[in-house]
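Asker: Taken in order, these protein sequences are the chains called W and D.
Just so we're aligned, residue -14 is where the first sequence starts under our numbering, counting upward by one.
Just so we're aligned, residue 2 is where the second sequence starts under our numbering, counting upward by one.
Be aware that a few hints might be false.
Restricting the straight-line Cα-Cα distance to at most 27 angstroms, the calculated cross-link-like pairs of lysine-lysine (DSS-like) are [stated by the list, open to error]: (1) D:LYS301 x D:LYS356; (2) W:LYS70 x D:LYS301; (3) D:LYS232 x W:LYS70; (4) D:LYS280 x W:LYS66; (5) D:LYS68 x W:LYS122; (6) D:LYS244 x D:LYS232; (7) W:LYS70 x D:LYS356; (8) W:LYS50 x D:LYS62; (9) D:LYS356 x W:LYS72; (10) W:LYS50 x D:LYS364; (11) W:LYS122 x D:LYS244; (12) W:LYS122 x D:LYS268.
Short, incomplete list of chain W residues facing chain D, as computed with Cβ under 8 angstroms [unchecked claim]: (13) ILE1; (14) VAL33; (15) PHE81; (16) LEU133.
For the record, the hints were derived by calculation from the structure and aren't laboratory data.
Here a beta-carbon is modelled for each residue, glycine too, at the ideal position from N, C-alpha and C.
The chain contents come next:
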Amino acid sequence: MDCETQKDAELEAPSIIDRYYTRWYRTDLKGQLCEDHCILQHSNRLCVVTLAETHPVLQNGRTIKSIDYQISNGCSRLNNKVSGKSKRGGQFLTDFAPLCRITCSDESKYTIYSCIRGRLLEVNENILERPNLLLEKPSTEGYIAVILPKFEESKSVTENLLSRKEFEIVVSKRDQPQSS
Amino acid sequence: MRSSGRATAAAQTFVFSQIAETVKAQNYEFDSLVLSISLPAQLCVREHSCWLHVKKEVREKGLALDKDDVIQVKEAFKWIMQSLVAKELGGGVAVVSKSVFTRMAVVKALEKISDDKFLKQYPCPPARPASSCVPQDVQCLHVSVFIAGRYNKFCRSLPQTPWLIDGERRMESSVEELIAAPVLTAFRADGFNFSSSGREDVDVRTLGNGRPFAMELQNPHKSRLSKLQMKELQETINKSSDKIRVRDLQIVTREAMGRMKEGEEEKTKSYTALVWTLKPIQKEDISFIDDIKDLTLDQKTPLRVLHRRALAVRQRVIHTMNARYVDAHHFYLALKTQAGTYIKEFVHGDFGRTKPNLCELLKTDTDILELDVESVDVDWPPAIPE
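Could you put the whole structure together from the sequences, leaning on the hints where they help?
Answerer: What follows is the structure, encoded as C-alpha cells:
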C-alpha cells in the first residue's frame, strides 16, 4: 500500500532533476561494458557527473570499500580549488579525464571519468564520508563532481553524448542476444 | 585688445537667447542652475597667443604679470552669461563649475613649446576673427531625483528585472518596468536605475508589506511632486497592473539609498513554502519542526547560481519554523530566516550541498513546489499611512 502511494507521489510532481536538468549519457566508457555515466546539465550550463543506473557499481548488491580522488602521483581532485566568479584555478578536464577510482568490496575497481570538457568546480566529499550515498542516491546526493564548461562550448559540450532516449535504446540492445 | 562694443553686445544677446530658449522649450522645473561651457581646443591656441602678446607688452612697461592674473575666456563668458540666463529663467546660480571638455593634449603641448617656436607658428596677438562665435549646441541636465517605496509581487511568472538572453526577451515585462513606466511619465525623466533590498526569483511571490525599493530618476524635467501627487502616482501604478502593488511611495535623498542596502545583509526575512514529501506523512511527523530554533545551515553556493557566483560555503540561520499539514504528501512550512538564506536549497538539499536540510530532518526526499516571501524586515522607507 505504501509503495503504491509512494510511486504515485513520484509521478505527480516532476523531480528537481526533471525540472532543471537535462540528462545526457556516455556508455561503455573506455570500452568497458556497462560502465555508463549520466551527466546532468543544468539550464545554466553547469554539469553534474553521476553514475547511470546501469553502472556495475550499482548492480548485484555491491558495497563500496573505498573511493579515491587521487588519480595520479601528482594529482588529487581533492586539491582542486576555485576562486572568484570566474572560477580561476579549477583543474581543466577533457572528456576522458579520470575523476576518481571506486573499489568495491568484491575487489572490482572502476574509474569514473569526466565525459565532458570543462573546468572542475568541486568533487563530492560527502561520498568519502558515506560511500553508501553513492549506492542509495546516485543521481543526487551521490553525485561525483560538478564541471563548468567554457561559455562558448555550452551547447557543443554534449554533442558526443547520448540523450535519454538514445541511452534507452543502447541499453535495450544489450539485453538482446548478440548476433554475429 | 580692441573690440567693437556694439558687435560684442549683439553676439552676447544672440548666445544668451539661444541658451534661454532651449531651457524653456525643454520645460524643466528647477531651483538653481549651473552653466557649463565646452570650448573648442583651438581656443587654447588663441589664448596662448594672447597671453604671449600681453606678457610682451607688460614686460615693456616694467610690470610683472602671471598667467593666472589674466582671466580665461571661459570664466569671463560664464560670469557674464550665467547671471543673465539665471535672471531670465528665474533660478539662482549654484556655485559649482564642471569642466566638460578635456583639452589636456592641447594644454600640455602649449606648456612644452617654447615662446620662440610658438611665435614662429602662430600670430601674436591672434588675428581678429571674421565672425562672432555661435553656440553649437545647448544641452540641459537636471540632477537625479530619488524615490523609494515597497512593492508586492503577486505573479509567479514575473522577473524583477527584464529577462534578456542574447538580446531576446525571455519573459514579458518585469517588476521594475511596471513600476518605472508611470513614474518616468510623472517626473518626465529620461531613464532610471532600480535597486531593492534583496530580490526574489521569478516564480516567488512577495506578500505582506512588500520589499523596499528605490529608484534614481535621471534628468527629470519635473522634480517636485506634492504628497498628494505622490499618492496619485502610487494609485496609477497600482491600477496599471494586478501583478504588482506599490506602497509608501515617497521622494528620498541619495543618502537614503544606502539605508536600503544595509537591510539586505543584516535583517531577517519570513517565508512560506509549499513542501512535497516522497514518503507519506501524518500530522505528528512534522510537529517537531515547530520546536527547532536558530538552526545554523552550511550552504554551499547553490548549483542554480554557481555559474555566476563564487564557490563558497555560507553559514545562515533559520530562526524559527512552523509546519501546517495539508495531506499525506504536502505541508506548508513557514520560516523566519537570516537575510541571504537560500530557502529552496534548504528544502530540497541541493544534492546534499546545503546541510542540514529538510530531507535529512524528515528522512525522506522533499521538494519545494511554491515559495512566498511573507515579509522583508527592514524598517525603511518610512511607512506612509493610507
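Asker: Each hint: holds or not?
Answerer: Hints and how they fare:
no. : hint                : verdict
1   : D:LYS301 x D:LYS356 : holds (9 angstroms)
2   : W:LYS70 x D:LYS301  : holds (14 angstroms)
3   : D:LYS232 x W:LYS70  : violated (42 angstroms)
4   : D:LYS280 x W:LYS66  : violated (37 angstroms)
5   : D:LYS68 x W:LYS122  : violated (81 angstroms)
6   : D:LYS244 x D:LYS232 : holds (19 angstroms)
7   : W:LYS70 x D:LYS356  : holds (23 angstroms)
8   : W:LYS50 x D:LYS62   : violated (103 angstroms)
9   : D:LYS356 x W:LYS72  : holds (23 angstroms)
10  : W:LYS50 x D:LYS364  : holds (25 angstroms)
11  : W:LYS122 x D:LYS244 : violated (40 angstroms)
12  : W:LYS122 x D:LYS268 : violated (36 angstroms)
13  : ILE1                : holds (6 angstroms)
14  : VAL33               : holds (7 angstroms)
15  : PHE81               : violated (24 angstroms)
16  : LEU133              : holds (7 angstroms)
Of the numbered hints given earlier, the model fails hints 3, 4, 5, 8, 11, 12 and 15; all others are met.
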